[in-house]
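Asks: For reference, the chains in residue letters:
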Amino acid sequence: MDAGAVGLTLHLAAVTTLVLLLLGTPLAWWLATTRSVLRPAVEALTALPLVLPPTVLGFYLLILLNPTAPIGAFWVEATGTTLTFSFAGLVVGSVIYSLPFMVQPLHGAFAAVGPGPLEAAASLRARPLDAFFTVAVPLSVRGFVTACVLTFAHTVGEFGVVLMIGGNIPGETRVVSIAIYEHVETLRYADAHVLSAALLGFSFLVLLAVYGMNRRFPVRAF
Amino acid sequence: MPSDLDIELSVALGDFRLDVAERVPFAGITGVFGPSASGKSTLLRALAGFEPARGHIVVAGETWLDTARGVAMPPFRRRCGFLFQDARLFAHLDVAGNLRYASRRAGNVDPAISFDDVVGAFDLEPLLPRRVDALSGGERQRVALARTLLTRPTLLLLDEPLAALDLYRKAEILPYLESLSARFHVPTLYVSHAIDEVARLADRTLVLTDGRVRAFGPTPAVLERLDVQSIAGPLEASVVIEARVTGHDTGYRLTRLDVGGEAISLPEASHLDVGATARLRIRARDVAVATARPRALSIRNVLEGTVAELVTDPDSPFAEVLVDVGGEHVRARITRAAADDLGLETGQSVFALVKSVSLDG
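In order, the protein sequences belong to chains A and B.
Read left to right, the first sequence gives residues 61 to 282 (our numbering).
Read left to right, the second sequence gives residues 1215 to 1575 (our numbering).
Okay, chain B solo, but in the shape it has when bound (with noise of 0.2 Å):
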């Protein structure tokens, strides 16, 4: 049985297009990212069943679309999870009459998915006998996240879970929407148009804009390309890479860690152990670039590399960087006055100051 998730697709929704043939590996998140209208959710909507698609959607061997050969399964057929960005918990039950509703219908049980499994991992004991309208949206998505879980899906589709929510409720979140994949294995896409979520969360990422596929692959690998980062906008640019841990400097609070060979360290997280691989997050405007390594400094990161691609637009004041620091790349964004004063060019030996870094995950 082909265990991976074989989309061809095809959507007009007015003026609007969504073309995307990919062939999705079945097993831990799929992100899937673009800025808005890129056709996102109209994807995930697809392949709910809940928008007329032309072409064949096939799930771990079972066909939920092949116009070719008239074959439409309708929505409730397909085995699915769908989580709404407005979570869409039935008003007229309480949070467990909401659970049970997904988990009468859910057929076949899979008794990896228990109710009570459930319940505990999403901490709801508490909630059960209360009313939706009761409820915080961190706590709505909760709840829909795991009536979502007990329908016990193939395939989880999570329709940007976070975009309603503010900084706390997002954070608040985001450690159940990690243990998902973990705790449950249903292999998940995840729709976001915030490039955070998607570094935190992915494996893979899928970017669309305009309703064609512009990447797709490790998200590491995605994220650190030009053209994506001129999609998450220039705030948000910046560099997802792992990093191992070489040890913890318990007088200066702080822990060390190797990428591509050279030392970066950050505020002590003692948590992860010495040899762990830990994802870092760079944002492109927290790096700056010198020919010749600086001394009388305090950014004590810096890295030693080569110029990967030098990006310049003559309408812009900005330039970016793509540093190799052996093999990992961390992208600068400088001004294009300073690019041409230091004369930067392809293959040249730079060093990345790295003004701050955070730990992803």
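One chain only, chain A, in its complex shape (with noise of 0.2 Å):
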């Protein structure tokens, strides 16, 4: 049973790392690189969720997803589910709960990157979006494992957006964290420490690969 908490999250992870990749990249390209005065203004909303408690996040998600709202209906009508307490809903959930895991790596990436070596890219012929994946993501590819690895892992450890708006749906939105907490609530503490165990040595063994990898990757693609 509990296998399927584990599958479910890792899975959840995993969709929510490679959209936020598609979207994290020309966000954090378009903060690193523009003039615009909505800059600050579009930083500070990227790094909401890292301060907002996620009961607020879920709370506000609930609102916006549900079936009578109108982006809940519009999914209800295309799809023929609901948003709110599926896979899905949990998905969209995810992506803005990480975003800030993806795109401030990201972010600080490019800004190293800086402008010098896409002038030397624009006057070697390359044109804007080749000389994107050409060196600036080269040349961030560590910035890209940071921040898809933090990703991965910050989706992992989510619960309070998970419980205001998924659930407790077994092989729906029920992630390992929500399982840790049914455990716990029917006193079936065996089972709720080898959950946690599992996500402690997971959680550290990613901080150390981050780290470690900070320290001796050296800037070269792959």
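Derived by calculation from the structure, the hints in this document are not laboratory data.
Here the structure is a predicted model, which is why all the values come from computation and not from measurement.
Treat the hints loosely; a few may be bogus.
Stated by the list, open to error - So the derived label-pair ranges between C-beta atoms look like this:
{"no.": "1", "chain 1": "B", "residue 1": "1276", "chain 2": "A", "residue 2": "98", "range": "42 to 50 Å"}
{"no.": "2", "chain 1": "B", "residue 1": "1531", "chain 2": "A", "residue 2": "98", "range": "57 to 65 Å"}
{"no.": "3", "chain 1": "B", "residue 1": "1229", "chain 2": "A", "residue 2": "123", "range": "48 to 56 Å"}
{"no.": "4", "chain 1": "B", "residue 1": "1282", "chain 2": "A", "residue 2": "110", "range": "44 to 52 Å"}
{"no.": "5", "chain 1": "A", "residue 1": "176", "chain 2": "B", "residue 2": "1239", "range": "28 to 36 Å"}
{"no.": "6", "chain 1": "A", "residue 1": "102", "chain 2": "B", "residue 2": "1235", "range": "53 to 61 Å"}
{"no.": "7", "chain 1": "A", "residue 1": "193", "chain 2": "B", "residue 2": "1266", "range": "44 to 52 Å"}
{"no.": "8", "chain 1": "B", "residue 1": "1235", "chain 2": "A", "residue 2": "193", "range": "37 to 45 Å"}
{"no.": "9", "chain 1": "A", "residue 1": "258", "chain 2": "B", "residue 2": "1286", "range": "53 to 61 Å"}
Said to hold, decoys possible - Residues of chain A placed beyond 10 Å of chain B at every Cβ, according to the derived structure:
{"no.": "10", "residue": "98"}
{"no.": "11", "residue": "106"}
{"no.": "12", "residue": "146"}
{"no.": "13", "residue": "171"}
{"no.": "14", "residue": "176"}
{"no.": "15", "residue": "179"}
{"no.": "16", "residue": "182"}
{"no.": "17", "residue": "210"}
{"no.": "18", "residue": "219"}
{"no.": "19", "residue": "220"}
{"no.": "20", "residue": "258"}
Note that beta-carbon positions come from the ideal geometry of N, C-alpha and C, so glycine has one too.
Assembling the complex is the task here: the two chains are given apart, and the hints tell you how they should meet.
Replies: Pasting the structure below:
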């Protein structure tokens, strides 16, 4: 039964990381290169999930995504299922919840590359998109790895938002953190121990990998 | 097709303003010289499209910028090679990867500049598999120069390529820079705040101060102007003159040259053929002035001429004397007291005593 929770958690974390990689990369690039007056506001919005209690985030998501709200109703019409208390809803919540963990390392990495190499690429006839993929991305490899690992790990550790918008539906929204909560509530401490220790070990190994890599990883493409 | 670089630019960067309107012949090396913060690099960056500018830039008939008509070609479309002071090699690629990056994007390939030719010309064969962070400063600039050339540019923009190098590395790179326009025939703008580099490399020189063109013309003519000298600083004040080699004295190991009808000799430079023209650089501080031909003196290079210009400044202990030697000009830096003592004035017949001469390229 807990194997299902573990599988679901990994699935959610993987999908969230992939979606955030696609959304967060252009956002981080914009933040690192724009001269727009809107930048501080966008930066603040991006960082909000770091400081907001997950319950606040979950509450607003519940308001926005429930089937009587425009977005929620549209989803029901388009897919026949609801966004609240579903896997799709969890992905939406996780993407918002983990957004800063993708965007901030990427923003930092792009800023560290700076305009220099991109001007050099332009002077070698590389179009902007060409320069982005052949110069900015390879030089930011470390930032990409850090961002993906942190996003994945942070999504695995998600609890409050899931509780608010996902509930506890086995195979659909019952992730590891929810399973632990349930074990404790029902006084099955042995099961809670197994999952908690596993999550503790996993989180430590992830952070160890990130910090170890920051020390040793040479700036070279893969 | 007009074969020149037609620039009429203004760039505003905070309080700083650059205004340049010139037609630059499209051949050889054009030096852009001036003190730091004079706008030299800004001019180059505006030409490459890295700095927003107003006005127009027409390069050999191709319009890169014309704000009046709303034309602003993005940097990657301007067929100019840009050599940055800090080389800016891509750290994620090896040397060969950096060169291929340029070569692959060059578009219509000019057969006059082949990959192998460039690698050979810059002696890069042994460096090709090296990582760029394992290169010395001089090697980096050599690779960057080759990489820039491999974009097959119609115009090369070199932004203080030697500024970050020590003297030894400079000497290592200079011959490659000299061979650029000669071997690959790419017109070049060369930005530098070092007058010796400009004197050695540039066919013509544009002098910038405070964002404005102070002088533009053939390098020797520009560098002998006193107002340009004041920019270069007192220690560097010098002239570049062209002299004809008249013979070698193998006994005393000297080479004799003719400067405006006067003889000058320097330590033997046997690579110069008799009859060839050599560029000599004479620093103002190495020249003294006498009103009569001195005798019993160790200085052998005594040039007879007339005072063409005399500049004194009541706040300075020094005076600068420009001596016309049969059409060539030699500059002397003496004390103001000496100038008054000798009663120097324009048109007066004098002797320039040259303590030391160096060969420029």
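Asks: Can you name, in rising order, the numbers of the hints this structure does not satisfy?
Replies: 1, 6, 7, 14, 15 and 16
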